[in-house]
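Colleague: Here is what each chain is made of, one letter per residue.
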Amino acid sequence: MEWETVIGLEVHVQLSTKSKLFSGSSIKFGAEPNTQASIFDLALPGTLPVFNKEALAKAVKFGVAIGAEISKRSVFDRKNYFYPDLPKGYQVTQLDYPTVGKGELAVTMDDGNERVIGITRAHMEEDAGKSLHEDYQGMSGIDLNRAGTPLLEIVSEPDLRTAREAVAFLKKLHSIIRYLDISDAIMAEGSMRCDANVSIRPVGETEYGTRTEIKNINSFRFVEKAINYEVQRQQGVLEDGGRIVQETRLYDADKDETRPMRSKEVANDYRYFPEPDLLPIVIDDEYIEAIRAQLPEMPDAKKARFIEEYSLSDYDAGVLVSSREIAEYFEVVASQSGDAKLAANWVSQDLMGLLNKSNLDISKSPVQAERLAMLVTRIKDNTISGKIAKTVFETMVEDSSSVDEIIAKKGLKQVTDSGEIEKIVDEVITNNPEQAQQYRDGKEQVIGFLVGQAMKLSKGKANPAAVNELLRKKLA
Amino acid sequence: MISSTVAELSIALKAGDISSVELTQAYLNRIAQYNGDLNAFITVCEESALEQAKAADAARAKGDTSLLLGIPLAHKDIFCTQGITTTCGSRMLENFISPYNATVVEKFSNAGVVMLGKTNMDEFAMGSSNETSFFGPVKNPWNNECVPGGSSGGSSAAVAADLCAMATGTDTGGSIRQPAAFCGITGLKPSYGRVSRWGMIAFASSLDQAGPICKSAEDAALMLNVMAGLDEKDSTSIDKPVEDYTASLGNSLEGLKIGIPKQHFAEGLSSEVEQAIRDALKEYEKMGAIIKEIDLPNSHLSVPAYYVIAPAEASANLSRYDGVRYGYRCENPVDLEDMYKRTRSEGFGEEVKRRIMIGTYALSAGFYDAYYRKAQKIRRLIKNDFSNALKEVDVIIGPTSPHTAFKLGSKSDPVSMYLEDIYTIAVNLAGLPAISIPAGSANGLPIGMHIVAGDFEEAKILNVAHQFQKLTDWHRQKPSQISGKEV
Amino acid sequence: MAFDKSEVEKIAHLARLHISESEADEVTSRITDILALIDEMQSVDTDSIEPLSHPLDVVQRLRTDEVTEQNQREKLQALAPDNQDGLYLVPKVLE
Chain A
17 MEWETVIGLE VHVQLSTKSK LFSGSSIKFG AEPNTQASIF DLALPGTLPV
67 FNKEALAKAV KFGVAIGAEI SKRSVFDRKN YFYPDLPKGY QVTQLDYPTV
117 GKGELAVTMD DGNERVIGIT RAHMEEDAGK SLHEDYQGMS GIDLNRAGTP
167 LLEIVSEPDL RTAREAVAFL KKLHSIIRYL DISDAIMAEG SMRCDANVSI
217 RPVGETEYGT RTEIKNINSF RFVEKAINYE VQRQQGVLED GGRIVQETRL
267 YDADKDETRP MRSKEVANDY RYFPEPDLLP IVIDDEYIEA IRAQLPEMPD
317 AKKARFIEEY SLSDYDAGVL VSSREIAEYF EVVASQSGDA KLAANWVSQD
367 LMGLLNKSNL DISKSPVQAE RLAMLVTRIK DNTISGKIAK TVFETMVEDS
417 SSVDEIIAKK GLKQVTDSGE IEKIVDEVIT NNPEQAQQYR DGKEQVIGFL
467 VGQAMKLSKG KANPAAVNEL LRKKLA
Chain B
2 MISSTVAELS IALKAGDISS VELTQAYLNR IAQYNGDLNA FITVCEESAL
52 EQAKAADAAR AKGDTSLLLG IPLAHKDIFC TQGITTTCGS RMLENFISPY
102 NATVVEKFSN AGVVMLGKTN MDEFAMGSSN ETSFFGPVKN PWNNECVPGG
152 SSGGSSAAVA ADLCAMATGT DTGGSIRQPA AFCGITGLKP SYGRVSRWGM
202 IAFASSLDQA GPICKSAEDA ALMLNVMAGL DEKDSTSIDK PVEDYTASLG
252 NSLEGLKIGI PKQHFAEGLS SEVEQAIRDA LKEYEKMGAI IKEIDLPNSH
302 LSVPAYYVIA PAEASANLSR YDGVRYGYRC ENPVDLEDMY KRTRSEGFGE
352 EVKRRIMIGT YALSAGFYDA YYRKAQKIRR LIKNDFSNAL KEVDVIIGPT
402 SPHTAFKLGS KSDPVSMYLE DIYTIAVNLA GLPAISIPAG SANGLPIGMH
452 IVAGDFEEAK ILNVAHQFQK LTDWHRQKPS QISGKEV
Chain C
12 MAFDKSEVEK IAHLARLHIS ESEADEVTSR ITDILALIDE MQSVDTDSIE
62 PLSHPLDVVQ RLRTDEVTEQ NQREKLQALA PDNQDGLYLV PKVLE
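Chains as they are written, first to last, in this note's numbering: chain A, 17 to 492; chain B, 2 to 488; chain C, 12 to 106.
If you're looking for bench data, these hints aren't it; they were derived computationally from the structure.
One thing to keep in mind: the hints can contain errors.
Claimed, not checked - Covered by chain C, per the in silico footprint, the following chain A stretches (three or more residues, Cβ under 8 Å):
hint: 1; region: 61-69
hint: 2; region: 139-149
hint: 3; region: 287-294
Said to hold, decoys possible - Simulated pairs of lysine to aspartate or glutamate, DMTMM-like, Cα-Cα distance not exceeding 25 Å:
hint: 4; chain 1: A; residue 1: K318; chain 2: A; residue 2: E386
hint: 5; chain 1: A; residue 1: K44; chain 2: C; residue 2: D96
hint: 6; chain 1: A; residue 1: K188; chain 2: A; residue 2: D316
hint: 7; chain 1: B; residue 1: K234; chain 2: A; residue 2: D101
hint: 8; chain 1: C; residue 1: K103; chain 2: A; residue 2: D268
hint: 9; chain 1: C; residue 1: K16; chain 2: B; residue 2: D414
hint: 10; chain 1: A; residue 1: K187; chain 2: A; residue 2: D101
hint: 11; chain 1: A; residue 1: K271; chain 2: A; residue 2: E150
hint: 12; chain 1: B; residue 1: K392; chain 2: C; residue 2: D15
hint: 13; chain 1: A; residue 1: K88; chain 2: A; residue 2: E173
hint: 14; chain 1: C; residue 1: K16; chain 2: B; residue 2: E338
hint: 15; chain 1: B; residue 1: K461; chain 2: B; residue 2: E294
hint: 16; chain 1: A; residue 1: K146; chain 2: C; residue 2: E80
hint: 17; chain 1: A; residue 1: K146; chain 2: A; residue 2: D211
hint: 18; chain 1: A; residue 1: K95; chain 2: C; residue 2: E20
hint: 19; chain 1: A; residue 1: K88; chain 2: C; residue 2: D68
hint: 20; chain 1: C; residue 1: K86; chain 2: A; residue 2: E48
hint: 21; chain 1: A; residue 1: K44; chain 2: C; residue 2: E80
hint: 22; chain 1: A; residue 1: K231; chain 2: B; residue 2: E338
hint: 23; chain 1: B; residue 1: K412; chain 2: C; residue 2: E34
hint: 24; chain 1: B; residue 1: K234; chain 2: C; residue 2: E85
hint: 25; chain 1: B; residue 1: K234; chain 2: C; residue 2: E20
hint: 26; chain 1: C; residue 1: K86; chain 2: B; residue 2: E95
hint: 27; chain 1: B; residue 1: K342; chain 2: C; residue 2: D15
hint: 28; chain 1: C; residue 1: K21; chain 2: A; residue 2: D285
hint: 29; chain 1: A; residue 1: K489; chain 2: A; residue 2: D442
Claimed, not checked - Selected chain B positions facing chain C (Cβ under 7 Å, derived; list incomplete):
hint: 30; residue: G194
hint: 31; residue: P305
hint: 32; residue: R330
hint: 33; residue: R345
hint: 34; residue: I357
hint: 35; residue: M358
hint: 36; residue: G432
Computed from a predicted model, the values in this text were never measured in an experiment.
Glycine included, each C-beta is placed from N, C-alpha and C at the ideal position.
Let the sequences and hints guide you as you build the complete structure.
Modeller: The structure is reproduced here in structure tokens:
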């Protein structure tokens, strides 16, 4: 049987505020256990929440950026369940009146086509602490530093049809969140987390199949692997005449499999009700417009501008706007070197190749934008050839000297002196009489071979255009 | 001196007739003498109280003229007090030493008030008789076979028996006013949001309010002056200027329109209480007030709605008592589930567990609309009843409780206990301010009169109460003996 | 609405309370009485009424985003029934 996969994602991003959603504790990553857990975070008797206005601003910013409905009045609710990393015994979240309502996201899929994926809602809530499963005499250790960190939970419609689409959607979402600077959104650190609701149905069927929710997916690659595993598993079950159980499953990256979570065995009844310790959040148009005014240029707009302003190809522009940092890096290189096309090639190929190879974020790049701009400038002004530039670039990774210093140190400066070039050209004509004659007889393409010989002779330093010109003159 | 009002003590301390140390020692002696029988205090802070008294005397010598400086007070054990056990009347917090102060505690401390100790209460403020306390029941100073009311029973008994000059209480459905009525003293529940709830252990967040328990309306005004005000730490605290509540205590009641809810003078009200309140109304008429019957058509629904909303909020508020970070944990839990269940079953008493069950049920899947949502709608109807009535009258007066203090152990079924708060509960649902003041007595037990006004009209209520206390001396009456001992 | 012993068991589990066999009957009957009291609410029509969550019609204040809390781990962990290496210890947590 032919199956169709239906995927919806629930993406949690930690909002990059200074303090927690309802307390003045720091949310810095990596602190010693329980050193960022105040009396409120520990749910001591008598403590009360006070709402962080920056969390609201960041949530609204997201909503405005994706053109979603923004609620003028949103309400916090309590979601009740017992778990040791949930100190109050309830999570404060937004059920019926989330701050961000319906919206949509246009995503370019692998086949190059754009698809619009619905965003159901995005609501604010508190993060939970962490249970550490190392053995403390048969006990688990609880660290509540993370408890109360502001989260924005972004829920998509079940509009995704393949694991690759889910990844493309998630990457687009990641890029928007980074553009807005509302979260670090680092999946490996848990500041962006993804749960996937997966079901399958026979092609042509309009009803959804029973879904499972996969948790604990902490990289883009695992999103794809976890969904593919789960789809295979569900197909196996259904094709064997079985039934899918609606459950929460955990993705185990080591074994590349999903398995049911034991703690969620009993269907939970969360008993939501409006949080009486907090009042409704009320905002007006003025507030929303002020946030809108702060929006940076978003990826789609930036891409259109790059194509228009720098005459880049659709593809190149797409690569360059994939992250705000890369786009900003590119614009520095383009404007300082004055050659956008060359800048685009260097950033999208050489620089990104380097970063991928060494697994570095662009913010940690060993070659800063200003230095790459200088390298491009030196190509443009014929100080070095594009080929020599590759050698210079490799050196720049290790050597923090200026581009000009490296060129000088290594003696890579392009030969443009006409006397010197003439010597080389003469030598080439002398050494290759047969080819020289062929050119004179009208075989135009032989010029390429002769230029190549001249470049070889100059160890790449001769200016190819000058060589070309002189050869043609001498053989005319 | 110990039976004096706060206003009188303030003058005596200022005049140097007595020092705070002497006064504090006098109350400590009295506590030593009577608390064994009354069980009004869970914790007595003798040493720190005397230190604070000494500091108050020293501050006065340096020119500090704060009105409550050096006056001894008791806090209900629901307020977190730094470095001092804060039990909330529960085994769950039997050994919980709070690492911080409630805002109310902080404010009294800043005013130079001496804290004598922490008073007994119904467990997590759930009760109307003080019998649900893990630390045993409190006795009514007027008759030790009777309850003092609840949940602020310890504070009320302590004030009535002169074990302190004043005390704090909290009121979720009548927990200041009903014990004040049963103990013959004055107890004010301010408007919701007037006093900070930070550090006040939550029972039902949208209903809980802290307030003064004391010997006169004037004292309540003095205490509220300290307690009231915006607190950034409590989102439900209201950003509204605090007036001087003593400023309007001289206003005439000529032309005051008093509403008498017909539903509060109906079946179930004892004849002695009814007579006492009707007599009190005559006093008001003498002062030029106009009495008018009013209708609160949904008042019969207030107890049902309350027993959905309060337990629902409580069921979540009490989830934090899980044996993980503080408080009681059961012995040798075999697994996590066992730890949760035994910790909570052993740490909570019957009434608390019952209310957690009711609240959990009311919020559970399939019942939310029929119970919780329905109760919130009724809450609006009740609020509307008051708004409509208060368009026609300035204050609403009736009995605080249908009868005087009842015998310990006489109300063993929860429903009859819940109906104890039939006149007081609606006020919490509506968030209004209300006071109970002594207005008579029957069989040697005090009768309380209930005065309600509109949002943030505490000053009006306090003056209406004060004018009555200027003409009568019910608030001056004291039990002639406490637990068989002559006073 | 009928409330029986199986309901008691389910609700007790949700609330993480242990109710023994011997208590179950008593608890069931008490709660049944209370629910009868509460059910008086059902006698009024509230279809057109908006629920009221808060007695006052006010809105949430917003707190400036700044770190105001310092590390108090030592002081606060002194309250813990069981802790080690700065962690709160609980019986094994299953995922």
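Colleague: Hint by hint, where does the structure go against what was stated? Just the numbers, ascending.
Modeller: Numbers 10, 12 and 25, in rising order.
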